[in-house]
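> Here is how the chains run, residue by residue.
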Amino acid sequence: MRHLLIALLLPTSALAGVDEVIDSHILPGYAGFAAATAALSQSAAQDCTAPALQPAYHAAFDAWMGVSHITLGPIEEGGLRQQIAFWPDAKNSTGRHLGALLAAEDSAVDRPESFAEVSIAARGLFALERMLYEADLNGYAAGSYPCHLVQAISADLAASGQSLTEGWESEHAETLRSAGAAGNNTYLSEREALQALYTALLTGLEFDKDARLAQPLGSFERPRPRRAEARRSGRSLRNVTLSLTALRDLAEHLTQGQSPQTRAAFDRAITAAEKLDDPVFEGVNDPSSRLKVEILQQSIASVSEAIQIEIGPLLGVSAGFNALDGD
Amino acid sequence: MKTLTSIALATTFLSAVPALADKAAVLTNYADIAAAGYGDSVTTAKALQTAVEALIADPSDATLAAAKDAWLASRVPYQQTEVFRFGNAIVDDWEGKVNAWPLDEGLIDYVDAGYGGATDENEYAVLNIVANPKFTLSGTEIDATEITPALLSDTLHEADEVESNVATGYHAIEFLLWGQDLNGHGAGAGNRPATDFAAGEACTNGNCDRRAAYLRAATDLLVSDLEWMTAQWEDGGEARTTVLADEDAGINAMLTGMGSLSYGEQAGERMKLGVMLNDPEEEHDCFSDNTHNSHYYDGLGVQNVYLGTYTRVDGSVVSGESLADLVAAADAEVNAALLADLSATMVELGELKAAADGGFAYDQMLEQGNEEGEEIILSAVDALVKQTKSIERAVTALGIDTIAFEGSDSLDDPDAVFQ
Chain A
1 MRHLLIALLL
11 PTSALAGVDE
21 VIDSHILPGY
31 AGFAAATAAL
41 SQSAAQDCTA
51 PALQPAYHAA
61 FDAWMGVSHI
71 TLGPIEEGGL
81 RQQIAFWPDA
91 KNSTGRHLGA
101 LLAAEDSAVD
111 RPESFAEVSI
121 AARGLFALER
131 MLYEADLNGY
141 AAGSYPCHLV
151 QAISADLAAS
161 GQSLTEGWES
171 EHAETLRSAG
181 AAGNNTYLSE
191 REALQALYTA
201 LLTGLEFDKD
211 ARLAQPLGSF
221 ERPRPRRAEA
231 RRSGRSLRNV
241 TLSLTALRDL
251 AEHLTQGQSP
261 QTRAAFDRAI
271 TAAEKLDDPV
281 FEGVNDPSSR
291 LKVEILQQSI
301 ASVSEAIQIE
311 IGPLLGVSAG
321 FNALDGD
Chain B
1 MKTLTSIALA
11 TTFLSAVPAL
21 ADKAAVLTNY
31 ADIAAAGYGD
41 SVTTAKALQT
51 AVEALIADPS
61 DATLAAAKDA
71 WLASRVPYQQ
81 TEVFRFGNAI
91 VDDWEGKVNA
101 WPLDEGLIDY
111 VDAGYGGATD
121 ENEYAVLNIV
131 ANPKFTLSGT
141 EIDATEITPA
151 LLSDTLHEAD
161 EVESNVATGY
171 HAIEFLLWGQ
181 DLNGHGAGAG
191 NRPATDFAAG
201 EACTNGNCDR
211 RAAYLRAATD
221 LLVSDLEWMT
231 AQWEDGGEAR
241 TTVLADEDAG
251 INAMLTGMGS
261 LSYGEQAGER
271 MKLGVMLNDP
281 EEEHDCFSDN
291 THNSHYYDGL
301 GVQNVYLGTY
311 TRVDGSVVSG
321 ESLADLVAAA
331 DAEVNAALLA
341 DLSATMVELG
351 ELKAAADGGF
361 AYDQMLEQGN
371 EEGEEIILSA
381 VDALVKQTKS
391 IERAVTALGI
401 DTIAFEGSDS
411 LDDPDAVFQ
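First to last, the sequence lines map onto chains A and B.
Here our numbering is used: position 98 in the first sequence is 98, and no number is missing along the way.
Here our numbering is used: position 379 in the second sequence is 379, and no number is missing along the way.
Note that these hints are calculated values from the structure, not bench results.
Keep in mind the model is a prediction, meaning the values are calculated, not measured.
Glycine included, each C-beta is placed from N, C-alpha and C at the ideal position.
Some hints could be false.
Stated by the list, open to error - What the simulated footprint calls covered on chain B by chain A, stretch by stretch (three residues with Cβ under 8 angstroms from a Cβ of chain A suffice, anywhere in the stretch; the number is not a length):
1) 140 to 148
2) 266 to 274
3) 386 to 392
Stated by the list, open to error - Pulled a few chain A residues facing chain B out of the computed Cβ check, cut under 8 angstroms:
4) 32
5) 79
6) 82
7) 83
8) 85
9) 119
10) 137
11) 215
12) 218
13) 219
14) 248
15) 286
16) 290
17) 320
Stated by the list, open to error - Anything over 10 angstroms on all C-beta distances counts as not near chain A; from chain B, calculated:
18) 47
19) 102
20) 160
21) 161
22) 259
23) 279
24) 311
25) 319
26) 328
27) 332
28) 343
29) 355
30) 368
31) 369
32) 396
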């Protein structure tokens, strides 16, 4: 009888979707990122050379794609999103700041607390990508300064991964769950919890469409393949596919499977991404292969549209402000 | 008779209850404030134009200093209009002409060797228009012998579709007046000598006549661009007509402007990112070291829109029915919280401004390991983030929660990418 009662009550509570997102999407996602970055750091400590570290690098980046769209909670408070993944980088800040560290052999790499003061442009996944994949950087030997820098970046990522998963486990999961309860000053109502997750969902899609794809697309007259995200490690398309997959998972849990149109739109977009044989979007230079990237972009726009038509009314929310609202 | 009296009393009583603030009046006041803000921007840009002409006619430390002062004064009203940008497409589409940033200043004039050369992102990062009357741009031969407003706006601005090729607007003028800030994290702004505009042998760094022509053309263009936008907010102007056409959409535009400027743009892109990058180039007004004022008047503009009041450069006040009145009628608690948040932000931005005015330069605050500077900036960031939450709550309280989602091209025009 008690089980039946719970079964009857659950689907009617919008917050059940929030619980499900926390338990089945956010917490496992951050645990995975913490584990992958810890493995990266251990691997770097054992053998820092580029060929040895590249597999652990990919695993860490894959894990990041499972949570990079979670804009609420400890990641926002610490400004960690850009510390982990600073991109786009229109002014080549990563190149400049890494170059300065390498030229000076800056001793900040010797201690985690001093490396934590270094510009975010020389930290995180994109700084590490340069060290592991740029031909004029990745030939360093074990024990050299670049090796210590790679170890410092890896350890810093592991520390971020650890603090994010701890922040969710120890505090923010409960804050989000107790939205609207007395004393909860972050989410004043259940609706605000739903709105925060709904905004994260749409913002993630916006980033895929307007940054990951729009940057290399440029314009028809002036394509910009060199602006593709993570092109050095060959991950540009992979990141879009993984991001869409993670966002589909978020949508499914948020609506507890009650959003078939959104599901279908996601499936179409992910299929389009999987069929695209253009790992770093080099094809944007060529009119016919460019069209395929544009079709993928369009299919992502259709997912956003489906979400706004289907999930917005279902949850009774609209998108709040997001970090991409600026220029 | 008694019945009539009580009806009359009842009517009086009813009309005295401010149950429904008048959305049309709120929107009219919003448009009035915009027209006044852009009008003041024109007035102060014309004063800059006069000062620039005086500098070109007689380049000296005094005339250069006067032109710089005029530029600084022109930023005060303009920054207070930035809140109109998000939410009003007509402003957002236009603002890159006058306020684009950051810029690869080597496009315009000489730069220090440490600036570097052409980059992956921008092959024209060191084009140096001042030194080169003729050059090739994206495969086209350009004749820049005469530097005119049209050349700057139609050919050179965002050349090669690169956003940092900023050829026009406040920041191009700022660079021509101050020059590069080569002090890194040290105090001090750019230090261009007045002789960069001198005639004949006194000319420093070459091509002084072309530099002066560039400065004149960019300033003239700024004035005409601002005049155009002022007209859009006056009676019958397109911006005013649009916000008044649909009351809920207009109110939504007001709140969208407040929230988007507070959060994604100011707190995120301009302030927090600068701290995290520890990069002096991440200063919004980097040549003049005026970033603290830029941030302060941005914040004030947000508060102006909510309170429905704007103090003009001549000291007169434009005010009327406000968004605060509307929100108070819908939910007094939300209004009280938002009012408090806006005040708290202005206190934080005021502290930032006071610290910088007192000699603690913004680029010093950005330096790696500068805890005090970081604290000053991040306190203001936190206040801006907090007020954004309250702005979202105001949107909900008013029941107009259809905040424009930026990626909604597909909703407006599903076939856009195929055209």
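> Any hints from earlier that this structure breaks? Give me their numbers in increasing order, please.
Numbers 1, 4, 8, 10, 11, 14, 15, 16, 19, 20, 21, 22, 23, 30, 31 and 32 - these are the hints that the structure violates, sorted from lowest upward.
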